[in-house]
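Construct all of the structure, not just a fragment, from the sequences and the given hints.
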Amino acid sequence: MTIKLWRHFDPILVAAALLLTIIGVVMVYAALSSPKAHAVALSATLHEASYAVLGLLLLVAVCFLDYRVFRTLFWPLFIGNALLLLAVLAAGRASHGAQRWLSLGFFPFQPSELGKLLLILTLAKILADRDQQITKLRIVLLALLIAAIPAALVYPQPDLGTAVVYLAIWLGMTMAAGMRVRHLALLVVACAAATPFAMKLLRGYMLQRLTIFLHPESDPTGAGYNIIQALIAIGNGGWIGQGFLKGTQSQLSFLRVGQSDFIFSAIAEQLGFLGCLLLFGLFALLLTRLLDTAGLAQDLYGRLVTIGIMWMLLFQMFVNVGMNLQLMPVTGVPLPFISAGGSSLVTSLLAVGIVQSIRMRQKKIVF
Amino acid sequence: MLLLAGRLWYVQIVMGPHFRQMAEQNHLRIDVIEPPRGMIYDRYDQELVENVPLWTVSVVPSDLDRSAGDHELSLLASLTGADLSRFQLALRQNQDNPVVPVTVLSGVPRDTALTLMEYSDVLPGVQVQSRAFRQYVDGPAFAQILGYMGQIDQAQYTASLHTDQPYALNADVGQAGVEQRYETDLRGKLGHQTVAVDVRGRVVNQLGTDPAAPGNSVELTLDASVQRAAYSALGDAINRSHATGGAAVAIDPRDGAVVALLSLPSFDNNLFANGISQADWLRLNQDPSHPLLNHAVAAQYPPGPMLEPFIAAAALQEQVVGADKAYACPSVLAQQGWTFHNWLSTTPASVTLPQALAQRCDTLFAALAGGAKGSPGLDLSGLGQQKLLSWLQQFGFGSPTDIDLPAESAGFVPTPTWKQQAMNAGWSPIDTYLVAAGAGPLSVTPVQIAVAMAALANDGTVWQPQIIQRLLSPDGHVLGHLSPKATRRLDLSRSTLQSVGLGLTDSVTNGPSKAAKLAGIAVAGMGGAATAGSDNVGEQGLNSWWAGYAPASDPQLVVTVLVTGGTDPDAALPVGRAMLEAALKPNRTDGA
Chain A
6 MTIKLWRHFD PILVAAALLL TIIGVVMVYA ALSSPKAHAV ALSATLHEAS
56 YAVLGLLLLV AVCFLDYRVF RTLFWPLFIG NALLLLAVLA AGRASHGAQR
106 WLSLGFFPFQ PSELGKLLLI LTLAKILADR DQQITKLRIV LLALLIAAIP
156 AALVYPQPDL GTAVVYLAIW LGMTMAAGMR VRHLALLVVA CAAATPFAMK
206 LLRGYMLQRL TIFLHPESDP TGAGYNIIQA LIAIGNGGWI GQGFLKGTQS
256 QLSFLRVGQS DFIFSAIAEQ LGFLGCLLLF GLFALLLTRL LDTAGLAQDL
306 YGRLVTIGIM WMLLFQMFVN VGMNLQLMPV TGVPLPFISA GGSSLVTSLL
356 AVGIVQSIRM RQKKIVF
Chain B
62 MLLLAGRLWY VQIVMGPHFR QMAEQNHLRI DVIEPPRGMI YDRYDQELVE
112 NVPLWTVSVV PSDLDRSAGD HELSLLASLT GADLSRFQLA LRQNQDNPVV
162 PVTVLSGVPR DTALTLMEYS DVLPGVQVQS RAFRQYVDGP AFAQILGYMG
212 QIDQAQYTAS LHTDQPYALN ADVGQAGVEQ RYETDLRGKL GHQTVAVDVR
262 GRVVNQLGTD PAAPGNSVEL TLDASVQRAA YSALGDAINR SHATGGAAVA
312 IDPRDGAVVA LLSLPSFDNN LFANGISQAD WLRLNQDPSH PLLNHAVAAQ
362 YPPGPMLEPF IAAAALQEQV VGADKAYACP SVLAQQGWTF HNWLSTTPAS
412 VTLPQALAQR CDTLFAALAG GAKGSPGLDL SGLGQQKLLS WLQQFGFGSP
462 TDIDLPAESA GFVPTPTWKQ QAMNAGWSPI DTYLVAAGAG PLSVTPVQIA
512 VAMAALANDG TVWQPQIIQR LLSPDGHVLG HLSPKATRRL DLSRSTLQSV
562 GLGLTDSVTN GPSKAAKLAG IAVAGMGGAA TAGSDNVGEQ GLNSWWAGYA
612 PASDPQLVVT VLVTGGTDPD AALPVGRAML EAALKPNRTD GA
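In order, the protein sequence lines correspond to chains A and B.
Heads up, the first sequence is in our numbering, so the first residue is 6 and it goes up one at a time.
Heads up, the second sequence is in our numbering, so the first residue is 62 and it goes up one at a time.
If you are wondering where the hints come from, they were derived from the structure by calculation, not from laboratory data.
Treat the hints loosely; a few may be bogus.
Partial chain B-side listing against chain A, Cβ under 10 Å, derived [claimed, not checked]:
(1) Leu64
(2) Ala66
(3) Val72
(4) Phe80
(5) Val265
Backbone N, C-alpha and C define an ideal beta-carbon position, used for all residues, glycine too.
Now the structure itself:
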């Protein structure tokens, strides 16, 4: 049985994820390494690598698990997610003025990252259970509620980026489940009407980030600083880049947070346009394999989970790279697999593992 | 994903060159290397200046370790013995850009600086730097000649921008004296270093160097020991006679080299080296005796009787008087409704010209200038206005000596043309008497008296006084040797010079300048007092002069001393004696 199960294991999917992870770990080192801070770069890289190992172990482990288990665990997953996010709010550890971390004994953990995956698993259950009813606005709103609760819990951390990712996951999955276009239009209109009130709800730093996105040069030494430095780093890369560990923007620390939110700029500076195209190629390969798996899934639940994961990775990648290229406002969304951050990496690898589990248990079981 | 790739192509390929240039501007910096400033030596190569490292401590707020509050600042405070609140205040005042270093301490002792460097691991936000600053040996004794280093002013800065050696906005430049006059030579050539820096401006790599060339050194004609003797003696004389100030000049009559030049009260030019405080600056500028002004060259005074040797020389040369003939010396000479008195009551009733000079028969000199027709025993026609003024001008009065120090004053010799223009009145015979008495609008500078006295001592050469002897390269090669410059040679016969010399020598051996005698060396000289002219408001009391030279038979040094606004008419004499003694005492090893 086990051997037959592994017949549908997709090595390309895992290989793409593994390559992206390796690039991520190496580039975290390349982004942090500077003539004056060698030790810091090395310790951060080892830290990242240890999460990569943990994530890969979880990826393999979850393959053995029938993904349908998650469908039966709706309430534990949903309640657990909400409790973790509440715990962050209540007792989170301060980091960069934001409380996003929980200290789980020996390693800090960011529940909002895992929350993305938990949201996908719970949302898929709600939508799959009501297969033909998604055309009803009531179900659309129910799904929205499932997404809005964790979004409302991460927003005050404050973490606008993750809240937006949650809502994007909801949008992608309900559309895939067959939400009516007019319901979507209705919600868009409702959102537009609520915008003036939402602006008041936006926290100071969020509004500033949005304003700075439109006019970074208005404050070149302050909030607009990194947007400009990121563009300079990317432009400095040219066709083939300045060379590994030779980016003046990243190595001399002109680029800030070049290991996390702005790692793409550090990659673009050191590896150039061609290196970035290679990175895009790997993402495209990964996403194609996910799309392929969605078509092979044995049930609607598996398909929705796969699409949710695909959409989660694609959306985050687009927003993150777009923000590096000044196409998007700065929202603190990581580049999946690449940006430094153990929780994000473990979540992404775990998600790939779940997709692999779905793929291995596809429609026609071949004897 | 195509959208991202398209945008990426635009940023990296289309706009690539633009951003690459910006990246270079980000991390490449050209540091200017300040060359060591040239030295200033006296004529025996004694160093008059030093370039001393000044240690400064600055803090880069963004680099501070804030993990334990102000822990790093507290450590800095305990290592330097400074007050923590002082650092906190300095940082609060410079909050705008946290990556810019804030200087919190300056003039830190070297040991403290080295200690801070040892602690650099736990003081990531602290930078210790040294820069050279100028220190002057015996500051006040040499201040007016050497000048000082001060913050560049707007005009100097703007002018330098068009040269290949521009100054930094906060540069120190020579602001007076030799430092100012020889700024270009002393400064040297700027070096440049291209460095790669990180975002905090810390140098991570040195790329190319264009080394700095040290400035050339200046060797002065000054003799530091004579200068110091003058400083100490003039200070004493001013104190003793309750005077407001004074000046002293010593010139080598053989070549016009300035051996000593001093003006008191002076100032400590070391005050300027590390940025003068507002209070010190105001004090120097508002002091009524103008310590920043070099009174030896930049201020003018009525000479009183000090013109007598020159009038004697002129009268002998013009043959309006006989060298050996005896004349009556009335204690009062009445001319044109004015009366001229002898200053001393001891003056004999009958004198020859040398005796008149030696014993200060002032009435005879009035007669030599303006005539004393009909006066019993003194029936002289006198030089008259034209010849008198012409001779005084030839001795150098009324025009600058062109000494190479800034702000020289020309003094003033009145002329009929001037009187017509300024007062709308013709020259009256009384004006001639007033000139001879060193009174009225006539004024001279101490250095003019010294130059004229040197012409009497050296058979008639009027020198342009020089304070620079040689220009030396940093490794000691002679780049330039300033040769003596004669302004003119006076047509004075040997017998004229001998008669005047005899009078001046007698003044020391038997006359009122007796106190100037030196053991084993014959000294010539004369002194006198003048009341300050009405043009010089604020100076009251007596101006005491003394001028002389030695050895009398083979003059090597001419001195002129002025003590202003005091009570003692002979206050200047001991200063002149002290200078001659310091220069000529037998155990001196003369390098020349």
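#### Entry: Indices of hints not satisfied (ascending)
The structure breaks none of the hints.
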